[in-house]
Amino acid sequence: MSRQNRPMVPRADRFPSGRVKMAEGGREAKGGVFAKSIKRATRAKERFLQSIGKAEKSEKDETFQDYVGNFNNQQAAAVKLQKELKNYANSVKAMSLASKNLNDALTEAYGDDWPDKDEVRNSQDSMDLLWSDYQEKVTREVLSPVNTYQSQFPEVKQRIAKRGRKLVDYDAARHTLATAQQSKKRDDAKLQKAQDECQKAKKVYDDVNNGLMDELPALHDSRIGFYVSTFQALFSSEQRFHTDMSQLKSRLGDTLEKLQQEANTGKFATKRLPRSPGPSSPSMAEVVEAAIKKPSLQNDTDHPYESVDLHAGMKNGEVDVNVGKPKLPSGEIEGPSAKDVPDAEVEATVDPGKVDLEADVTPNIADGSDRIPSPTENDKPSAPDDILYSVITTHSYTRCDSDELSFETGETIYIIPFEDPDDADEGWLMGVKVSDSSKGLLPENHTKRLQT
1 MSRQNRPMVP
11 RADRFPSGRV
21 KMAEGGREAK
31 GGVFAKSIKR
41 ATRAKERFLQ
51 SIGKAEKSEK
61 DETFQDYVGN
71 FNNQQAAAVK
81 LQKELKNYAN
91 SVKAMSLASK
101 NLNDALTEAY
111 GDDWPDKDEV
121 RNSQDSMDLL
131 WSDYQEKVTR
141 EVLSPVNTYQ
151 SQFPEVKQRI
161 AKRGRKLVDY
171 DAARHTLATA
181 QQSKKRDDAK
191 LQKAQDECQK
201 AKKVYDDVNN
211 GLMDELPALH
221 DSRIGFYVST
231 FQALFSSEQR
241 FHTDMSQLKS
251 RLGDTLEKLQ
261 QEANTGKFAT
271 KRLPRSPGPS
281 SPSMAEVVEA
291 AIKKPSLQND
301 TDHPYESVDL
311 HAGMKNGEVD
321 VNVGKPKLPS
331 GEIEGPSAKD
341 VPDAEVEATV
351 DPGKVDLEAD
361 VTPNIADGSD
371 RIPSPTENDK
381 PSAPDDILYS
391 VITTHSYTRC
401 DSDELSFETG
411 ETIYIIPFED
421 PDDADEGWLM
431 GVKVSDSSKG
441 LLPENHTKRL
451 QT
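Number 420 in UniProt numbering belongs to position 420 of the sequence shown; there are no gaps in the numbering.
Just so you know, the hints here were simulated from the structure itself, not pulled from any lab data.
Any given hint could turn out to be false.
Each computed DSSO-like pair below joins lysine-lysine, with the alpha-carbon atoms no more than 27 Å apart [to be verified]:
| id | residue 1 | residue 2 |
| --- | --- | --- |
| 1 | K157 | K184 |
| 2 | K200 | K190 |
| 3 | K203 | K166 |
| 4 | K45 | K193 |
| 5 | K267 | K166 |
| 6 | K93 | K83 |
| 7 | K193 | K39 |
| 8 | K271 | K117 |
| 9 | K45 | K166 |
| 10 | K249 | K271 |
| 11 | K80 | K100 |
| 12 | K57 | K45 |
| 13 | K203 | K162 |
| 14 | K39 | K202 |
| 15 | K60 | K166 |
| 16 | K157 | K203 |
| 17 | K267 | K249 |
| 18 | K57 | K137 |
| 19 | K39 | K200 |
| 20 | K267 | K57 |
| 21 | K185 | K200 |
| 22 | K203 | K193 |
| 23 | K157 | K83 |
| 24 | K45 | K267 |
| 25 | K200 | K117 |
| 26 | K137 | K100 |
| 27 | K57 | K184 |
| 28 | K271 | K57 |
| 29 | K117 | K137 |
| 30 | K45 | K184 |
| 31 | K271 | K60 |
| 32 | K45 | K202 |
| 33 | K45 | K157 |
| 34 | K60 | K249 |
| 35 | K162 | K202 |
| 36 | K190 | K166 |
| 37 | K249 | K57 |
Construct all of the structure, not just a fragment, from the sequences and the given hints.
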């Protein structure tokens, strides 16, 4: 059979049924988009004619406008309420986390030997559960209903906009019918079609309008019941939360008060340890020997006197200054000695820490009338009344606290009793410096007790 004599196959039989349906659906979709475009153009034309007075515009319904105003205010209040409740829920969540972290820190700081540690831990766990339960109730009983309440406003707002579009369509149908009725060349078929379109547009508009006239006031009145139920749920949950939390806080406060009472008895007081000792104290012989070996006192060719051997007269740490009396150079006249003074008691006072080998060692006469005081003796501070004994410092020391003394090697210090015996620490003394009467603590191992 030739190609020219082959019978024609219908298009529906040449393609699968699915492809045919897709093609028909595409044509319907294109037809729907085209119809919507025609409606938009018709409405835009009608609004323009109404704005210039060429077409009649329906009067505004004042009652409906009041309903719309109430709706807009109600929606604005719902949006703000939803926003603030979200912030409140987020704050509860943040406070729940902050409370948990604070309780964890308190648990770590609470000593194992402190009273009712397990009860403190249980109270903190209960607080965490209260916060978690309160957060869940705020979300479930308060925030979720608000979200549902807020979700109805966009749908109602779309129906209000739809009513406005249907009113324009109804005005356009009425304008078309009036034009057909006023036409000089009467066309009954065209007039009938205009009447049918006008009735259809009116019916659609009335359905939407009547539905909104019933729904808008009912929606506005529902706000009172919604506010009451929402805030009652919020306040009730908050009240129960704070009541239970207050009880837990009160028990925890009683536990801490018990801890303070036991601490006042000294039960948990830290054991005081003695201060770390310093270097060992040298003997008096070592102090004197160190003073003798000073470079400034050795090989002193400019001094007119011979060196004094203090070791020769040392006995039990005391120095006899009569031993090793210096010899005068030739040509100098020697003054009277202690032997030339009849019935005179000769005594020498030597401070081992302040031995001055370059000074003229001259015995002091015991007789008060013949004794000449030193230039600084009259300025010497008065000694305390409660002196226990005197010491001489064997090492220098710089104070570490404000209640301690600083001193150099060889200074004399009066030792006095502590004002409060409980303040006495092992290895430390309370003293007053002879040089400036300053008072404070000093390490005992930096001193050597003087014989009285």
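Structure-based check of each hint:
| no. | hint | verdict |
| --- | --- | --- |
| 1 | K157 / K184 | violated, 43 Å |
| 2 | K200 / K190 | holds, 15 Å |
| 3 | K203 / K166 | holds, 10 Å |
| 4 | K45 / K193 | holds, 20 Å |
| 5 | K267 / K166 | violated, 87 Å |
| 6 | K93 / K83 | holds, 16 Å |
| 7 | K193 / K39 | holds, 17 Å |
| 8 | K271 / K117 | holds, 22 Å |
| 9 | K45 / K166 | holds, 14 Å |
| 10 | K249 / K271 | violated, 32 Å |
| 11 | K80 / K100 | violated, 30 Å |
| 12 | K57 / K45 | holds, 13 Å |
| 13 | K203 / K162 | holds, 14 Å |
| 14 | K39 / K202 | holds, 16 Å |
| 15 | K60 / K166 | holds, 14 Å |
| 16 | K157 / K203 | holds, 21 Å |
| 17 | K267 / K249 | holds, 25 Å |
| 18 | K57 / K137 | violated, 53 Å |
| 19 | K39 / K200 | holds, 15 Å |
| 20 | K267 / K57 | violated, 94 Å |
| 21 | K185 / K200 | holds, 25 Å |
| 22 | K203 / K193 | holds, 15 Å |
| 23 | K157 / K83 | holds, 20 Å |
| 24 | K45 / K267 | violated, 95 Å |
| 25 | K200 / K117 | violated, 81 Å |
| 26 | K137 / K100 | holds, 18 Å |
| 27 | K57 / K184 | holds, 24 Å |
| 28 | K271 / K57 | violated, 98 Å |
| 29 | K117 / K137 | violated, 31 Å |
| 30 | K45 / K184 | holds, 24 Å |
| 31 | K271 / K60 | violated, 91 Å |
| 32 | K45 / K202 | holds, 19 Å |
| 33 | K45 / K157 | holds, 24 Å |
| 34 | K60 / K249 | violated, 63 Å |
| 35 | K162 / K202 | holds, 14 Å |
| 36 | K190 / K166 | holds, 22 Å |
| 37 | K249 / K57 | violated, 70 Å |
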